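Trainee: All chains, please: the whole structure from these sequences, using the hints.
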Amino acid sequence: MDAVKTKKIGLVVLVVGLALVIPMFVTKPYYLHVITMCLLWAYLASSWNLFCGFAGQLSLGHGVFAATGAYVAVMLFNDYNLSPWIGMFIGAGAAVLLSILIGYPTFKLRGAYYALATVAIGSGAVVLIENTQTLGPFNMGGAEGLIIKLMGNAPAYFQFMTKQPYYYIALIMLIIIVIFAFWLKNSRLGYYLSALKEDPEAAAALGINVRNAKLVAAAYSAFFTAIGGVFYAMLIRYLEPHAIAGPLMSNEMVFLAVVGGTGTVLGPVLGGITLHAISEVIQFYFGHLAQGLHLFIYGLIVVFMIMFKPQGIIEILQKYYNRFLGISDRGEEDNDVKSTSGS
Amino acid sequence: MMYKMESLSVIVNGISMGAIYGLIALGLTLIFGIMKIINFAHGALLMLSMMLSYWAWKFTGINPYLLIVIIAPLMFVVGYVTERFFIKPVLDAQKDVREPIAVLLLTAALAIVLENLSLMVFGGDYVMAKTTVTDATLVFGGVTLSAARFYALLIAVVVSGGFYLFLQYSELGRKLRSCGQDRNTASLMGINVPNTYAIAFGIGTALLAVAAITLLPFYYVHPTVGGVFMTKAFIVVVLGGLGSVPGALLGGIIIGLIESIGAQYMTATLTTVIVYAIFLLILFIKPSGLFGSRLEW
Amino acid sequence: MSSPLLEVKELTINFGGLIAVNNLDMKVNTGEAIGLIGPNGAGKTSAFNLISGVYKPTHGQVTFNGENITGLPPYIINRKGIGRTFQVVKPFGSMTVLENVMVGGFVHTSKRSQAREIAMQVIEQVDLKRKINSLAKSLTLADRKRLEVAKALATQPKILLLDEVLAGLNPTEIEESVKMIKNINSSGISILMIEHVLQATMAICNHIVVLDYGKKIAEGTPQEVTSNPEVIKAYLGDDYEAVNN
Chain X
1 MDAVKTKKIG LVVLVVGLAL VIPMFVTKPY YLHVITMCLL WAYLASSWNL FCGFAGQLSL
61 GHGVFAATGA YVAVMLFNDY NLSPWIGMFI GAGAAVLLSI LIGYPTFKLR GAYYALATVA
121 IGSGAVVLIE NTQTLGPFNM GGAEGLIIKL MGNAPAYFQF MTKQPYYYIA LIMLIIIVIF
181 AFWLKNSRLG YYLSALKEDP EAAAALGINV RNAKLVAAAY SAFFTAIGGV FYAMLIRYLE
241 PHAIAGPLMS NEMVFLAVVG GTGTVLGPVL GGITLHAISE VIQFYFGHLA QGLHLFIYGL
301 IVVFMIMFKP QGIIEILQKY YNRFLGISDR GEEDNDVKST SGS
Chain G
1 MMYKMESLSV IVNGISMGAI YGLIALGLTL IFGIMKIINF AHGALLMLSM MLSYWAWKFT
61 GINPYLLIVI IAPLMFVVGY VTERFFIKPV LDAQKDVREP IAVLLLTAAL AIVLENLSLM
121 VFGGDYVMAK TTVTDATLVF GGVTLSAARF YALLIAVVVS GGFYLFLQYS ELGRKLRSCG
181 QDRNTASLMG INVPNTYAIA FGIGTALLAV AAITLLPFYY VHPTVGGVFM TKAFIVVVLG
241 GLGSVPGALL GGIIIGLIES IGAQYMTATL TTVIVYAIFL LILFIKPSGL FGSRLEW
Chain P
1 MSSPLLEVKE LTINFGGLIA VNNLDMKVNT GEAIGLIGPN GAGKTSAFNL ISGVYKPTHG
61 QVTFNGENIT GLPPYIINRK GIGRTFQVVK PFGSMTVLEN VMVGGFVHTS KRSQAREIAM
121 QVIEQVDLKR KINSLAKSLT LADRKRLEVA KALATQPKIL LLDEVLAGLN PTEIEESVKM
181 IKNINSSGIS ILMIEHVLQA TMAICNHIVV LDYGKKIAEG TPQEVTSNPE VIKAYLGDDY
241 EAVNN
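Chains X, G and P supply the protein sequences, listed in that same order. Letter by letter, the first sequence follows residues 1 to 343 in this note's numbering. Letter by letter, the second sequence follows residues 1 to 297 in this note's numbering. Letter by letter, the third sequence follows residues 1 to 245 in this note's numbering.
Calculated from the structure, these hints are not laboratory results. Fair warning: there could be bad hints in the mix.
Straight-line alpha carbon distances no greater than 25 Å define the calculated BS3-like cross-link-like pairs of lysine-lysine that follow [said to hold, decoys possible]: (1) X/K309 / X/K319; (2) G/K88 / X/K309; (3) G/K286 / P/K179; (4) G/K286 / X/K108.
Because the structure is a prediction, the values reported are computed rather than measured.
Mentor: Printed below as a string of structure tokens:
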């Protein structure tokens, strides 16, 4: 047992250590930007997974939460000079309220219908944003989008002139969400979500308030997704309704989590980093060959994974991980960690 | 008098566009109703049908409406093969899962593959099959209508009606319906369920091909054109009731009318929001739609 | 005169014309083990569903521990102290046996260590310790039935509703399960069990209620009930042998 724990801790220290020193070796801003985006997508996939993976609901409109966080924080910043560091929490709060509002009527819908409802909500949100030029005293930008007011180097306002700070912020965000996901998975709510994911009727017979459990998980998910949206806005410095609230954002989160392994702690992280990196590499080296090539290949990868490795990348790695730790596939050495946590 | 005729053409436009929605929804309700899966590749398949039809017309010059004879069977094969090779294995693997969403994601991923393949092969230009029909008009009792839309309406109604009869009275139709009701019983009665599923998918795609061709003379084709049609088709399916042919047609017409009339008073995109809002209301209040049974969903 | 732990009065449910449970009066006193028997379709599982909150009755009342719990949602009824198993067992397949039972253990605590302790105890009680880290979907039917009982037991119920826990088991497994249920009963948990395996039922229960077409047609000690001509008539179409044994 001690050996296993030591190995686990060792692995974590190694990975985090490596991650911390990457900016020292990768100095070209473009490359660092790409790596930062990989981290951000790993984060967003994880935030989607907090509710959808753990509770087994397919939300295809999660972009609406990223958009809520982003637009609220940006509008407060552009028009009222409120630092995005504060604005992000207000945006996240708004996203939480929205998730509860949406959750109440939609959670009773069966899987496929729930997915359709989220598609309608997501698409509807895009259209609403496109048609709104001003929201009260705030400029919302409508279809042309919102440009984030440039302040040069202003750390207090989430603006930096180099890529390094963004990288580290993304890394910290990712570490935080992984820790949170791990905590959630092993908490009472985590067990409840696993139960209701498999059999809501059986779960109810064991004292689980299924709807409340889902609402709480959805709120957590919306909170983190919103903050991810704010980061995205501050990094790209431009908010476009389709990019942040539309299918591009929503579907990407889902695919990354699915390819990595839904319902696990590290699956979405792996999926996010790997798949996004592949997509960027293809785009960089072969993008000039044909428009849409990188998405075509990306789509093929997802199709392949769903058909042949539905449990995700994490399933492939689980074997090697177990071997490295020196435990059998059942994980019988360690009773404290859930067998599906993949950490 | 002019005002009334204008509103009449708005209504007819709405009905004809709605009939096309209904035709598109028909394939979806067939697949959804029989296989119980949501086909997120439906829109991309529509787009593919439109692309293939456009380029066939471009190279051969044959009247698009005549191309139905070639494109529809072709798309049937595309649908059949897609189900057999991509969807079937995933569906089988999810047999015991309560909510088989992997198939849903698979079709969504296939949609991305098809869209971008189309982008790579056909390019990103907006194209339209401009034939003699495109700008032609018909005059009925003083009312001027777009010929292309009118023909689309005719074809949609005829095909829907024919399909309904096929489903109700033919041997294959009965097989399809029994698979949709209870696949286990159907299997016990000697029906080859996997094959029937593939046929259902093929027919659904073939119906898309017909809809695609009716759109060709007056609608711009582009690799991304499938998305909006698909969302609307789903709304029509839910509105009309899962698995109901008359529901699909009627639901389509209702949506078409709402859009057409709504466009007189607000932007086209806002009518979309209204349609989505209605959709959500139906889901929350009466998910079985107009003609679906309460137990179906 | 202590009041019964669980009591149903005039309990009725009408499914648009089909009256699955018709004016049922029944009670379970603290510490008792009551059997609920009757031919297939007699309304036994419907009665369970009414008591546990899955169905809302069209008429009648369910009282538990002196409190009217009619129509409350299942999760609240469970928290109040009624545990139930399902006729077609519902294990959480991709979770281990321990994790499955811990789900139940979390009812009255939010601490994982406590839930785990409760689960370990219960798993010991149902003799599933040897499979404690196995995935639920890999269990045999007999073990799944035990798991089903363990999950409900972990919620620390005052009464356990068992729905055909013995169905599909071989004679040895039935014998072991009978022992298990008797132990649970003697630990202070009341039992209300639906069963078709009448011999086992009579070994566990001191009082039997017989349903047919939703109505109670007889009740009494096992001997009284099995020699009741009404009961024999109701079963003639089903399992005459079982009654005669």
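Trainee: None of the hints should be skipped; say for each whether it holds.
Mentor: Taking the hints in turn, this is what the structure says about them:
For the hint pairing X/K309 with X/K319, the CA-to-CA distance comes to about 14 Å; that is within 25 Å, so the pair holds. Between G/K88 and X/K309 the alpha-carbon distance is near 15 Å, which keeps this suggested pair within the 25 Å criterion. For the given pair, G/K286 sits about 49 Å from P/K179 by alpha-carbon distance, which is inconsistent with the 25 Å threshold. As the CA atoms of G/K286 and X/K108 are separated by approximately 12 Å, the hinted pair is consistent with the 25 Å bound.
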